[in-house]
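Input sequences plus hints: build the corresponding full structure.
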Amino acid sequence: MSEYKSLQTLKLEGVYQFCDYYDAEALSLSSPATKVITDFARRQPQMIQKDVDIDHAVYMMLNGHVRSKLVVDHDDTFLGVVDSKDLSGRRVLSIAQKRQVARSDLTVEDVMTKKQDLHAMRFTTVANAKIGDVLQTLRELGQQHVLLMDEKGGLRGMISSSDIARALHVPVNIFQKAHSFRDIFEIIHEHGELMA
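Note that full-length UniProt numbering numbers the sequence shown so that position 89 is 89, with each residue one more than the last.
Where hints are given, some of them may not hold.
In silico EDC-like links for lysine to aspartate or glutamate, alpha-carbon gap of 16 angstroms or less [to be verified]:
#	residue 1	residue 2
1	K114	D73
2	K115	D83
3	K98	E109
4	K114	D83
5	K50	D105
6	K50	D76
7	K35	E25
8	K50	E109
9	K114	D76
10	K35	D133
11	K50	D110
12	K114	E25
13	K50	D75
14	K85	D110
15	K98	D110
16	K85	D53
17	K85	D55
18	K85	E109
19	K50	D83
20	K115	D76
Since the hints were made in silico from the structure, they are not lab data.
Structure representation (structure tokens):
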């Protein structure tokens, strides 16, 4: 152990807050998109079981300080993504009413965005892109997240609009795209609730 030296330590008196990860470097729309990637090769993805009730899911997200989680079954098979916005509001009540169940009986699987409704990009595509490129893509898709795939077809990471907003210190609005009259109806009512 003689080749190593003891490092100087500091007292923690007067320290009450954590540093903001994104404050280490000022980011802009022109910054590399890699700065806002949640890379699963470096950080364990935030996952939640499909059968967790929505109230418990809200609690887990608040406690974990996260806004989205990957939804998996008991074999850790990827099923979709659930966002904190999916767990509250008129959409949840609409789903409960449609299924004729109480709101408290709904699970993450009932409100998640299913895998087949999500979009992905190659990790290498994002490695050469700017934050603004990813934000424009999310806006065109009308989605809060884009998943990243590695060269073998596995999930490598994710970028969310909330991560971009946090990194740039600005609000980011992504408006859901309507694909049917029912979608239009739900979007109008959801936005009406937000404005009330």
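Going down the list of hints, with the structure as the test:
no., hint, in the structure
1, K114 with D73, "13 angstroms, holds"
2, K115 with D83, "13 angstroms, holds"
3, K98 with E109, "15 angstroms, holds"
4, K114 with D83, "12 angstroms, holds"
5, K50 with D105, "13 angstroms, holds"
6, K50 with D76, "10 angstroms, holds"
7, K35 with E25, "10 angstroms, holds"
8, K50 with E109, "5 angstroms, holds"
9, K114 with D76, "15 angstroms, holds"
10, K35 with D133, "13 angstroms, holds"
11, K50 with D110, "8 angstroms, holds"
12, K114 with E25, "34 angstroms, violated"
13, K50 with D75, "11 angstroms, holds"
14, K85 with D110, "13 angstroms, holds"
15, K98 with D110, "11 angstroms, holds"
16, K85 with D53, "15 angstroms, holds"
17, K85 with D55, "13 angstroms, holds"
18, K85 with E109, "14 angstroms, holds"
19, K50 with D83, "13 angstroms, holds"
20, K115 with D76, "14 angstroms, holds"
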